[in-house]
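Respectively, the protein sequence lines represent chains A and B. The opening position of the first sequence corresponds to residue 1 in this note's numbering, with each subsequent residue numbered one higher. The opening position of the second sequence corresponds to residue 1 in this note's numbering, with each subsequent residue numbered one higher.
Do not rely on the hints blindly, as some may be mistaken.
The calculated label-pair distances, taken between Cβ atoms and stated as ranges, are [said to hold, decoys possible]: (1) B:Leu20 / A:Asp215: 52 to 62 Å; (2) A:Glu169 / B:Val161: 28 to 38 Å; (3) B:Leu17 / A:Gly65: 28 to 38 Å; (4) B:Thr222 / A:Asp414: 39 to 49 Å; (5) B:Met272 / A:Gln355: 57 to 67 Å.
With the C-beta cut set under 10 Å, the calculated list includes, among others, these residues of chain B facing chain A [to be verified]: (6) Gly46; (7) Ser48; (8) Ser49; (9) Lys100; (10) Asp129; (11) Gly149; (12) Val236; (13) Met253; (14) Gly259; (15) Arg284.
Source of the hints: derived by calculation from the structure; they are not laboratory data. Glycine residues also receive a C-beta, built at the ideal position from the N, C-alpha and C atoms.
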Amino acid sequence: MAYRKTVSSLVAAAALLGTSSASFAATDISWWHGMGGRNQEVINQIAEKFNASQDACNLTPLSKGTYEEALNSGIAAFRAGEQPNILQVFDAGAATIINAKGAVVPAEDLIKDAGHDFNREDFIEGVRYFYADSDGKFIGMPFNSSAPIMYINDEAIKKAGVEAPKTWEEFEEIAPKLKEAGYIPLVQSQLTWEFTENFFSRHDLQFATNNNGYDGVKGTRILVNTPEHKMMYSKLKDWNDEGYFGYYGAGWSDNQKPFEENQVAFWIGSSGSFGGLQKSAQMPFSATFLPYWNSVEGAGTNTFIGGAALFAFAGKPKEENDCTASFFQFLTSPEIQFFWHKSTGYVPITKAAYQLAKESGYYEETPQAEVGIEQLMLPGGEWSKGYRMGFYPQIREVMEREYNKIIAGETSVDDAMKTIEEEGNKMLERFAKTAG
Amino acid sequence: MKRVQFSSASLPYLYLLPQLAIIVIFFYWPSVQAIQSSFYLEDPFGFSSTFVGLDNYTDVLESSSYAEIARFTVVFTLLVTFLSLSLALLFAVKADAVLKGSSSYKTLLMWVYAVAPPVAGLMGVMFFDMHIGPFLKFADAVGWDFRIGLDYFDTAFAMVVISVWKQIPYNFIFFLSGLQAIPKSLREAGAIDCRSGFRRFWTITLPLLAPTAFFLLIINMTYALFDTFGIVDVVVKDKAANNPITLVYKVYMDGFRGGDIGGSSAQSVILMAVVFVLTIFQFRFIERRVHYN
Chain A
1 MAYRKTVSSL VAAAALLGTS SASFAATDIS WWHGMGGRNQ EVINQIAEKF
51 NASQDACNLT PLSKGTYEEA LNSGIAAFRA GEQPNILQVF DAGAATIINA
101 KGAVVPAEDL IKDAGHDFNR EDFIEGVRYF YADSDGKFIG MPFNSSAPIM
151 YINDEAIKKA GVEAPKTWEE FEEIAPKLKE AGYIPLVQSQ LTWEFTENFF
201 SRHDLQFATN NNGYDGVKGT RILVNTPEHK MMYSKLKDWN DEGYFGYYGA
251 GWSDNQKPFE ENQVAFWIGS SGSFGGLQKS AQMPFSATFL PYWNSVEGAG
301 TNTFIGGAAL FAFAGKPKEE NDCTASFFQF LTSPEIQFFW HKSTGYVPIT
351 KAAYQLAKES GYYEETPQAE VGIEQLMLPG GEWSKGYRMG FYPQIREVME
401 REYNKIIAGE TSVDDAMKTI EEEGNKMLER FAKTAG
Chain B
1 MKRVQFSSAS LPYLYLLPQL AIIVIFFYWP SVQAIQSSFY LEDPFGFSST
51 FVGLDNYTDV LESSSYAEIA RFTVVFTLLV TFLSLSLALL FAVKADAVLK
101 GSSSYKTLLM WVYAVAPPVA GLMGVMFFDM HIGPFLKFAD AVGWDFRIGL
151 DYFDTAFAMV VISVWKQIPY NFIFFLSGLQ AIPKSLREAG AIDCRSGFRR
201 FWTITLPLLA PTAFFLLIIN MTYALFDTFG IVDVVVKDKA ANNPITLVYK
251 VYMDGFRGGD IGGSSAQSVI LMAVVFVLTI FQFRFIERRV HYN
């Protein structure tokens, strides 16, 4: 008897729980992402805010680990017919998902079909093209957007009596003084993103044939083996030899750490690193734009948007797609954008959100937080809109391998760039075959 | 209860079914799929798949980086197998000879086995960390500019040390029980006949340990080839760059991160073939020299 009683009360409790969490007949939608730590907490908060703001839809976010893991879990799930409604895909994976025709519903169509207004002009210039097709139609909804910027150790430049450089030429001049003052002048956290991809955007140089890969996958070639790009890496190698550039491998945090510990003058990081850095840096710091070479003609343009975008998977019922659309609307509202910007350091993606952040006086308190968005809003060039190359995560791996070899002195810059070009083009060809 | 339906000739097969089902579902089926997709070129989402014959294999085998990874895998496997077997044997022989407090020695040598591979990897990574690693102080003292994650050799060194450390307890347990199974009378007789402990070990103990050692040889080789995945992953921290990686890790990188199913399948079929050949070799040539009672 006692046993039966427990069982029945358990069943009753479960039933109660079920009804309370499903909040009546709300449509459930799922969101897989690749963020951890603080950013994951903020994502959960945003989902809670969205669920509280209306009762037609119920959003459940789920972290799948890193960016790469999220993309591949999403792909595996799609192949099994178990795809989530929304998948976060990082910049380097954009070509993979955008070229898979039929895998996703373009964000723009999704929003319009649900009866909302959509205006591309609402978004800031820098985020408009990266996740769009060649006609400018938004395929992915830009979400966490960042730019590679230079963080400045205020103590170090004061001690050395120098100003933060705007160009690499200026950096070369002051580097000896910083070294003399006992600092490593420069570190960075991701060569591929900061010194290759955004080297091309910042200097307005073509990164790939076929209009940076936007015009199709057939015959797209990567253009890393060019004099300007090779010059950048020869300089990095020289600086490393002379003690002006510290390099701690391909891992992000291994390179960030010495800056946090006040051993380094300048660190090239992400505008999204700001939130974490505020807690971990042992000295006062400021930030400025990613330097460029004055000697390269036309340099000084804005950078590609880094970070990731949200993609709505195809094959979902209309009411779920409508929920996804209203979540995208919610996510791009100025209040939520400002909340996300403030909590993580990622840039606001709409003009209205940027305006709100400005008016709130946030940038007067923390001017570093504005650097990322200002850099993205710099005048754009022909080649700073974005790039699209298939199997790009694998091409990045080849770059990481070769760049480490350059710094370790195991290969020359010429050979390394030739290898990247050859192996990269091979992968692009393979991708063209799969997509063709 | 009627017993008729259970006493048929198919009963043993029925009992075998769960085991067979597991093997078929989790081993044969994926293997067949891997072989099949190794002949196709497929986009990551599986929308289009083109038959390309042996293209995936030639692409893999012609790539210089694949050859480099294969070379490292061979060296790594031999080193890890040799070191973890020989050190474990040394420890087992010494621990077996201890009279006082032997169980605490044994426990201390075994506990590492309880550590999960990724945790072992993490502990190792902390030990060798370029900013806070205690090993760096030691390396500094002997003038070794140790740079894990940047220097190929240094990273390989850390991987081997962590993998060996993780595997020693397992081998130790087997060697120890093997040693304890050797009859005392035999050892005593040996001790009367021969004064040299080393020779006694070589002519009496080692041949009697051979079945254990053979078993461990196979286990250790598969460990070094496949189970060190977690350690490799933690040491390279998600960014392989120019660091040494094993063939299995390459399969993972290309297939699960790069989305190149065809190329990655071809690699895993190559690995299957390697393991197949290795197993035949071991059983045909090495096992013949092993004497079971």
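Exercise. Does Arg284 of chain B meet its interface restraint, that is, does its C-beta lie within less than 10 Å of any C-beta in chain A?
Worked result: This hint is violated: Arg284 of chain B lies away from chain A, its Cβ roughly 38 Å from the closest one there, beyond 10 Å.
Exercise. Measuring from the C-beta of Met253 of chain B to each C-beta in chain A, is the shortest one below 10 Å?
Worked result: With a minimum Cβ separation of about 7 Å from chain A (threshold 10 Å), the hint on Met253 of chain B holds.
Problem set entry | Outcome of range test on Cβ distance (Thr222 of chain B, Asp414 of chain A; 39 to 49 Å) | The hint (39 to 49 Å, Cβ to Cβ) holds, given that Thr222 of chain B and Asp414 of chain A are roughly 42 Å apart.
For this session: Identify whether the interface hint at Gly259 of chain B stands, where standing means a beta carbon of chain A within less than 10 Å of its own.
Result: Holds, about 6 Å.
Exercise. With 10 Å as the cut and Cβ atoms as the points, is Lys100 of chain B at the interface with chain A?
Worked result: 46 Å, violated
Exercise. Is 28 to 38 Å a correct range for the gap between the Cβ atoms of Leu17 of chain B and Gly65 of chain A?
Worked result: 36 Å, holds
Problem set entry | Range agreement (Cβ of Val161 of chain B with Cβ of Glu169 of chain A, hint 28 to 38 Å) | 45 Å, violated
For this session: Return the status of the interface hint for Gly46 of chain B: holds when the least beta-carbon distance to chain A is below 10 Å, violated otherwise.
Result: Given a least distance of 5 Å, the restraint on Gly46 of chain B holds.
Problem set entry | chain A contact restraint on Val236 of chain B - CB to CB distance below 10 Å | Constraint on Val236 of chain B satisfied, holds at 8 Å.
Problem set entry | Interface hint outcome for Ser48 of chain B [beta carbon to chain A under 10 Å] | It holds, given that the least Cβ distance between Ser48 of chain B and chain A is near 7 Å, below 10 Å.
Exercise. Under the criterion of a CB-CB separation shorter than 10 Å, is Gly149 of chain B in contact with chain A as hinted?
Worked result: 3 Å, holds
Problem set entry | Range hint 57 to 67 Å (beta carbons of Met272 of chain B and Gln355 of chain A) holds or violated | 60 Å, holds
Hint compliance for this structure: hints 2, 9, 15 are not met, and every other hint is.
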